[in-house]
Amino acid sequence: KAGVTQTPRYLIKTRGQQVTLSCSPISGHRSVSWYQQTPGQGLQFLFEYFSETQRNKGNFPGRFSGRQFSNSRSEMNVSTLELGDSALYLCASSLAGGIDEQYFGPGTRLTVT
Amino acid sequence: SQQGEEDPQALSIQEGENATMNCSYKTSINNLQWYRQNSGRGLVHLILIRSNEREKHSGRLRVTLDTSKKSSSLLITASRAADTASYFCATLPGAGSYQLTFGKGTKLSVIP
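From first to last, the protein sequence lines are chains E and R.
For the first sequence, this note's numbering gives the first residue as 67, with consecutive numbering after it.
For the second sequence, this note's numbering gives the first residue as 161, with consecutive numbering after it.
With the rest of the complex left out, here is chain E (with noise of 0.2 Å):
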């Protein structure tokens, strides 16, 4: 079975930018979380989604938002890229959400610059 792809997997970006990192989870796992990865502040949640339904946002200013297909992959955006927002962004599938064992991906790592 496939594992959690997701894509691309480096970016640098401008400060005041926008981004679109896409995640493709397991295939038969509904649920997709997203979380922010930073030497500081440890892995902190983004969103959660099941079946294209926002269940959960982390606190997270509204520049990130997310969406979930038809086909359960999902895609994060961050618009007006800030220098704080450097990070590895990871995503994380499973079958029903956080009552499950989370598989993730590689991450994406973000630069700010």
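There are no misleading hints in this set.
As a list, the in silico SDA-like pairs of lysine to any residue whose alpha-carbon atoms are at most 25 Å apart:
#	chain 1	residue 1	chain 2	residue 2
1	R	Lys229	E	Asp166
2	R	Lys267	E	Gln103
3	E	Lys123	R	Lys186
4	R	Lys186	E	Gln107
5	E	Lys123	R	Gly256
6	E	Lys123	R	Pro253
7	R	Lys264	E	Asp166
8	R	Lys230	E	Asp166
9	R	Lys264	E	Pro172
10	R	Lys264	E	Pro105
11	R	Lys264	E	Gln72
12	E	Lys79	R	Ser199
Chain R stretches covered by chain E per the calculated footprint, using a threshold of three residues with CB under 8 Å from any CB of chain E:
#	stretch
13	184 to 198
14	252 to 261
Rather than coming from a laboratory, the hints here were simulated on the basis of the structure.
Heads up, the beta-carbon is just placed ideally off N, CA and C, and yes, glycines get one too.
Since chain E is already given, all that's left is putting chain R on it; use the hints.
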């Protein structure tokens, strides 16, 4: 905000020794999960323990959960150099939340 807090922040042991990491959390939970992260394999799920369970085993891993003390521990027996990684606990609150909250992790170094 971090729900789970791991202790110690860093741990260095010799190969063959046991390693114990602890996690404390603040509010009631549905389950608690342990993950490992190293540069080679990314973030990998280790064990999930539900609030009505007290102990779970998986190979060389043993996890205990004490809901009265709001704490959990992860024991790795007979450690190997390949166990060198950061270990995170993650908690899922009760009451219909789907938000897993991770602690900041314990960095384990196993010296060959």
